[in-house]
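Enquirer: Next come the chains, spelled out residue by residue.
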Amino acid sequence: MTKNIMIVGVGGQGTLLASRILGNTVINEGYDVKVSEVHGMSQRGGSVVTYVKYGDKVYSPIIDRGEADIILAFENLEAYRSLPFLKKGGKIIINNQEMNPMPVITGVAKYPENITDKIADMADATVVDAVTLAKQAGNIKSVNVVLIGVMAKSTDIAYEKWIKTIKETVPEKFVDVNIKAFDLGYNL
Amino acid sequence: MQKLLLGNAAVARGAYEAGVTVVSSYPGTPSTEITENIVSYPEIYAEWAPNEKVAAEVAIGASIAGARAMSCMKHVGMNVMADPMFTVSYIGVNGGLVFCVADDPGMHSSQNEQDSRHYAQASKIPMLEPSDSQECKEFTKLAYSLSEEFDTPFIIRLSTRVSHSQSMVKLQERESYNLKDYEKNIGKNVMMPANAVKRHIEVEKRTAKLIEYAETCPLNIEEINEGKIGVITSGISYMYAKEALGDKVSYLKLGLAWPMPEEKIKAFAKKFDKVYVIEELDPVIENHCKALGVKVIGKDVFTLLGEYTPAMIKEQVLGEGVPEFTALEEQIPVRPPVMCAGCPHRGTFYVLKKLGLVVSGDIGCYTLGAVAPLASVDTTICMGASVSAALGMAKARGDEWSKKLVSVIGDSTFMHSGITGLIDIVYNKGINTVIILDNSITGMTGHQENPTTGKTIRGEATKQVDLLALCKAVGVNRVRIADPFDVKTFEAVVKEETQAEEPSVIIAQRPCALLKTVKYSGHCTITENCKKCKMCMKLGCPAISADGDGVKIDLNQCNGCGLCVNVCPFDAIKKED
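From first to last, the protein sequence lines stand for chains D and C. The opening residue of the first sequence carries number 1 in my numbering; numbering runs sequentially from there. The opening residue of the second sequence carries number 1 in my numbering; numbering runs sequentially from there.
Extracted from the complex, chain C is given alone in its bound form (with noise of 0.2 Å):
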């Protein structure tokens, strides 16, 4: 049975297939799909985990245990999770184990661009580099028998555009796996200085092993065609160079991204006049392949920025220029990502603007509040940074100034490392100001559960981590919910707790406006009260616009959520049924 399926989804069914048991997971875009189609399989323990780190460690103690598992991440996450993906190199593995991660070329949903196929030289584990959904699910399974074979995690790396492009995928029925025997192995699985001294000699045994497997892996693909162009690549830029290229060039298709062969590259480069080497972000084969004296063209024609095309690639390998197109001579205006109307955030970001406040924020659909009219947010850094940044900026500039600063964090960051960030400022005699955006769901991933909504990620009912007492409890007296909307005593609240002198939190509660649960009606309409003073605009809601010099409200994207209604000077906005 052949079946359209994302390349995300792909993965999944490839986990199925090979007889995962366990997958622990954070969501990331573009990983975040993996997980959520593990879901589909009953058979398949599946969990949204607090952070990628404690993810990536249920993945690694249930493969010790014996049992086939995997853990997915987007590639900033691999970062939180690298310290015990760096340790399971030297541990290995029972049952078979395996690390997707997903990067993010042109940095469509990301913060920055790395490429993550420097962590499988880093660390030393070996990593598969499927280019469409079929390989996705091919690659899986391929990873759990070596994975096994070679007593080694595997990390699978995708990318934006193959885990977020359907294609064709063979489905096949899961293969029985019986859980490995559990044996107590000190030597192995406790990782103290004298056994790691041991277990890095066999992490060096076994690269050596894989190289030579990699000789021969049937994944590392030699296609050979005429001419006297080569071409060395892997992922997705094969499907762009094979699109803009076709047969007019060979290719050598790297499956297995590291280790990478050497005796074959050797062997491909000599059949060529010229070789280049096609892969997005870092010159990762480029450098391997100059190492061994090749003599490739790589980065010094090809961008290290963003995503590649079969335009660009045919322009430089074969010097033809793009089909031709209608230009545009008007200039067209740009439409970034907004707050959707009804968005909780919105209010938070109102005050906070209304009161000159400094922003340290944090990943999420809030990051948007850096966006103009309310351009509130300062900085942005990583999952939790804005707990620690800002502890960090007060001690620079001291208390004082402090009390003009705040955080800003949802509920599932704070979870995943905010809580550690509000430690420190307690623990280091801070007087910050964390603004929790508690919007009930992971809102900007598309609605995953966290530990503070109260449902796993089946979504049966479990224990809900309250956030109230779990800052208390880490020594915050000050701590106080309010509702964003309520933007007269919100106001009220942030100006209080920001001129105390000791560590505060506020937890902005409003649950996201594209929840099921909630229900605004209605919409707001402008009446003849109107004063034309804009008001409403600085809320920077995409159903209120300018109106020649005053203002309407787009019934079609209004959905009655009423913020307008409170910030108007003039009562001059009705809420309508």
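This is chain D alone, in the form it adopts within the complex (with noise of 0.2 Å):
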């Protein structure tokens, strides 16, 4: 059985560090694996979606409309958006942030209210503050890895396997403050 894990956030937040440890831990574990990411233009503070799919065997690298198994979003409209991918049953983790798409700044369109309170009465959801949570461990940037930590909690792969595949993904001066942040939210 193949497990799917969506990331979605925008451009410039580190999902694509997050995909990494991700793809790295469970390929210990192990498993086949597949990580799509989008690169380029996108990246541009656009909407960014990374597929982590994991099993004895995977395919095709994307997940599509009800298969993800878990969703793990880096912002509340980004949250909102990718929720007709999660599987019934499916487990939603949200970063409580708000970021603004440009056709709100320029007032065509308005950044929908209590997204939060929306997802969480359609589905499984766990809403963190990792912003609160990074700045804790030292780094605003490392958002990511607080939100791996919260993920990695619901995942069946011992809290070791993710601290070693940190170790091996990050670069050697930010070990520590990624640690860290993956405790806060692994110990959420």
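By construction, these hints were calculated from the structure, which means they are not laboratory data. Quick reminder that beta carbons are idealized off the backbone N, C-alpha and C, glycines included. Any given hint could be a false lead.
Calculated lysine-lysine pairs in the DSS-like style (CA-CA distance at most 25 Å, straight line) [stated by the list, open to error]:
no., chain 1, residue 1, chain 2, residue 2
1, C, Lys-532, D, Lys-110
2, C, Lys-532, C, Lys-353
3, C, Lys-353, C, Lys-552
4, D, Lys-57, D, Lys-87
5, D, Lys-88, D, Lys-57
6, D, Lys-141, C, Lys-552
7, D, Lys-161, C, Lys-170
8, C, Lys-290, C, Lys-271
9, C, Lys-170, D, Lys-164
10, C, Lys-248, D, Lys-3
11, C, Lys-495, C, Lys-354
12, C, Lys-3, D, Lys-164
13, D, Lys-167, C, Lys-3
14, C, Lys-516, D, Lys-167
Beyond 10 Å from chain D on every Cβ pair, some chain C residues (computed) [claimed, not checked]:
no., residue
15, Ser-145
16, Glu-149
17, Gln-166
18, Arg-174
19, Asn-178
20, Tyr-182
21, Lys-209
22, Lys-242
23, Val-476
These two chains come separately, so use the hints to put the complex back together.
Expert: So, in structure tokens, the structure goes:
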């Protein structure tokens, strides 16, 4: 059985690093894995989506509507947008942060209200203030690793395995901050 | 040893293992990381060339000189390098030669959705199409031995989901490869008519041999299962089909995308009541089957547009619906890409919009200058067209009209193919104004060095093309450097230069805000002097948004670049540490 995890956010939020830590961790567990990323123009502050799929054998690298077991959302509006991709009974983890897209900034569209409440009414949602936790860990950019920590708790992969891949994936001088960030998410 | 690799990184690994020693490319999403990964192998000479044509010619030269060589590009880059490609098909190779092209179905980061498989057929160069990272590596290696065996360059065709998906790859050692001897061979390497006529005969013989090879090629794989449905497919579409249809159908997967086998396809199709061809974009396999008289279902049920998904394949072939999902009733605002906070282009477009100029645009982050609220760019066609198309506009509507017209082009794009347009302006007496957006890097594709940055692909210092001297050298007398964040001066410079009765170039100089060397600090805040005029919101900065009838600045996004401070007419925005 393939496990489907979607990471959604805004270009520049560090979703790619999150997908790498996740991908490398499940590989060490002996699974087949595919991680599908988007590079280039859409990274410039646009919606970004990464798919991570693992299991005995993975064919398609993409995830369709109604197929995601877990969605890791870095921003509220992107969480909302991704909700149709969540499998019935799936879990969505949301970093409670609002970033206005350009149509909202220019006033042609409105940012929907109370997104996290609405999602919680429709799905199993965990809402996290990852920005505060990242600051607490010592670097606001570690929001991605805080969220990985929250998600790790709901997988059956052991704590040490995650720490091992963080050490292997992030540059040495950021290892301590990122482990701290992971712990803050994991122990929530 | 196994490793999780991007398809692009796996192609680079394949080149490394095959003993490649020369790689020359121009960056372009989704192909860029192939060459970036090549850099991690010190045994290989790697470079960013000014454009894809130059890059391909460097690789061709290396092959003629006896090395295994590679050149990588996005689909539209293949248009630029098509000229040497069609002729090197006649020349063939000495050392193995591979061109990698990455298509972008769905246009994640491209201006069109062309299907590069047509190039294989048109140039008579065989093409391999991998469907995951392991195949990217294997196919690349095989391409080199086949290239030398059949005396032809090979094309590896990728697409976004192959290039930018990571999957497991088994790593092997690098093969030792000795340079092939270099021998002068005018009949083979000098493509003038008398020689080319003879070489064309060889090309047709070669194609006939390759068609024969396609019948037994180990990359064309039959997978027979129960059931009465057969599927012919290749590349990423195979993965989608396999996920959607599993063992309920049988497959013929064409790893050799051109030329395609004939007997193998006929024999496969005979076994089934229904045969589907599943391929993104154009009906290339489908048309081949139909020409063979094989009845297949293809584009009559599958779209010519965008990316495929397993769900759509399942629906068409098995008639099964998609899984249940939560539909949203509320309208969700889209989030298109935007220029970053601190982007130097923002100052330029703010001024161009304010002056109401017609803006002939180009390919790069600054294409986003077409998006509201700046909505300044009028046209975007291809690399370099901002300059030459503007000359055409000026010739169509006259010099007076062209005083309300500017071209905008990035430093790397100007090197790529803008300089030739500028020469056309000078030579043919245009009075156009060209603004070179010099942000000290190739931005959109993720920060590659280029001839104007003074660094090579490996970050070594090198001779830096002097844009100002270059423009003067081709005959532009009026060349000025201006800072687009100094909006008052910049506006005055644009006004002066567009009014001039001769060609002019403005080099808008300010580095990309994402460069590590750029250290903006602090942030900007709205003070009580704010008159709520919303002038700052015309910048389209992601950090500035409406707050009731006023304005607020998001401190998490603001990097303190200070552009908004410069445009506020009431000195109501302050920079704080």
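Enquirer: Determine for every hint whether it applies to the structure shown.
Expert: Now the hints, each set against the structure:
1. For the proposed pair Lys-532(C) and Lys-110(D), the alpha carbon gap of about 19 Å is at most 25 Å, so the pair holds.
2. The suggested pairing of Lys-532(C) with Lys-353(C) holds, with an alpha-carbon distance near 20 Å, which does not exceed 25 Å.
3. Distance check on the hinted pair: Lys-353(C) and Lys-552(C) sit about 23 Å apart at the alpha-carbon level, within 25 Å; holds.
4. Under the criterion of a C-alpha separation no larger than 25 Å, the hint pairing Lys-57(D) with Lys-87(D) is consistent with the structure, at around 20 Å.
5. Our distance criterion of 25 Å between C-alpha atoms is met by Lys-88(D) and Lys-57(D), whose separation comes to about 23 Å.
6. Restraint check: the Cα-Cα separation between Lys-141(D) and Lys-552(C) comes to about 22 Å, which is no more than 25 Å; the hinted pair holds.
7. At roughly 22 Å between alpha-carbon atoms, Lys-161(D) and Lys-170(C) fall within 25 Å of each other, so this suggested pair holds.
8. Proximity of Lys-290(C) to Lys-271(C) is assessed by CA-CA distance (about 17 Å); at most 25 Å being required, the pair is judged to hold.
9. Restraint check for Lys-170(C) and Lys-164(D): satisfied, since their Cα atoms lie roughly 22 Å apart, inside the 25 Å limit.
10. Proposed proximity of Lys-248(C) and Lys-3(D) is supported: the alpha carbons are some 22 Å apart, at most 25 Å.
11. About 11 Å separates the Cα atoms of Lys-495(C) and Lys-354(C), which keeps this hinted pair within 25 Å; it holds.
12. At roughly 16 Å between alpha-carbon atoms, Lys-3(C) and Lys-164(D) fall within 25 Å of each other, so this suggested pair holds.
13. For the proposed pair Lys-167(D) and Lys-3(C), the alpha carbon gap of about 16 Å is at most 25 Å, so the pair holds.
14. Note on Lys-516(C) and Lys-167(D): the hinted pairing holds, with a Cα-Cα distance of about 23 Å set against a maximum of 25 Å.
15. With a minimum CB-CB distance of about 28 Å to chain D, Ser-145(C) clears the 10 Å threshold, and the non-interface call stands.
16. With a least beta-carbon separation of about 31 Å from chain D, Glu-149(C) lies farther than 10 Å from that chain, consistent with its non-interface assignment.
17. Not every beta carbon of chain D lies more than 10 Å from that of Gln-166(C), the smallest distance being close to 4 Å; the non-interface claim is violated.
18. Listed as a non-interface residue, Arg-174(C) keeps its Cβ farther than 10 Å from every Cβ of chain D; the least gap is roughly 24 Å.
19. The Cβ of Asn-178(C) lies farther than 10 Å from every Cβ of chain D, with a closest approach of about 36 Å, so its non-interface assignment holds.
20. Distance to chain D confirms Tyr-182(C) as a non-interface residue, since its nearest Cβ pair spans about 38 Å, more than 10 Å.
21. At roughly 33 Å, the least C-beta separation between Lys-209(C) and chain D is larger than 10 Å, which holds for a residue marked as non-interface.
22. A cut-off of 10 Å between C-beta atoms contradicts the statement that Lys-242(C) is not in contact with chain D; the least separation is 4 Å.
23. With 10 Å as the threshold on Cβ separation, the claim that Val-476(C) sits away from chain D holds: the shortest Cβ distance comes to roughly 31 Å.
The structure does not agree with the numbered hints 17, 22 stated previously, though it agrees with the rest.
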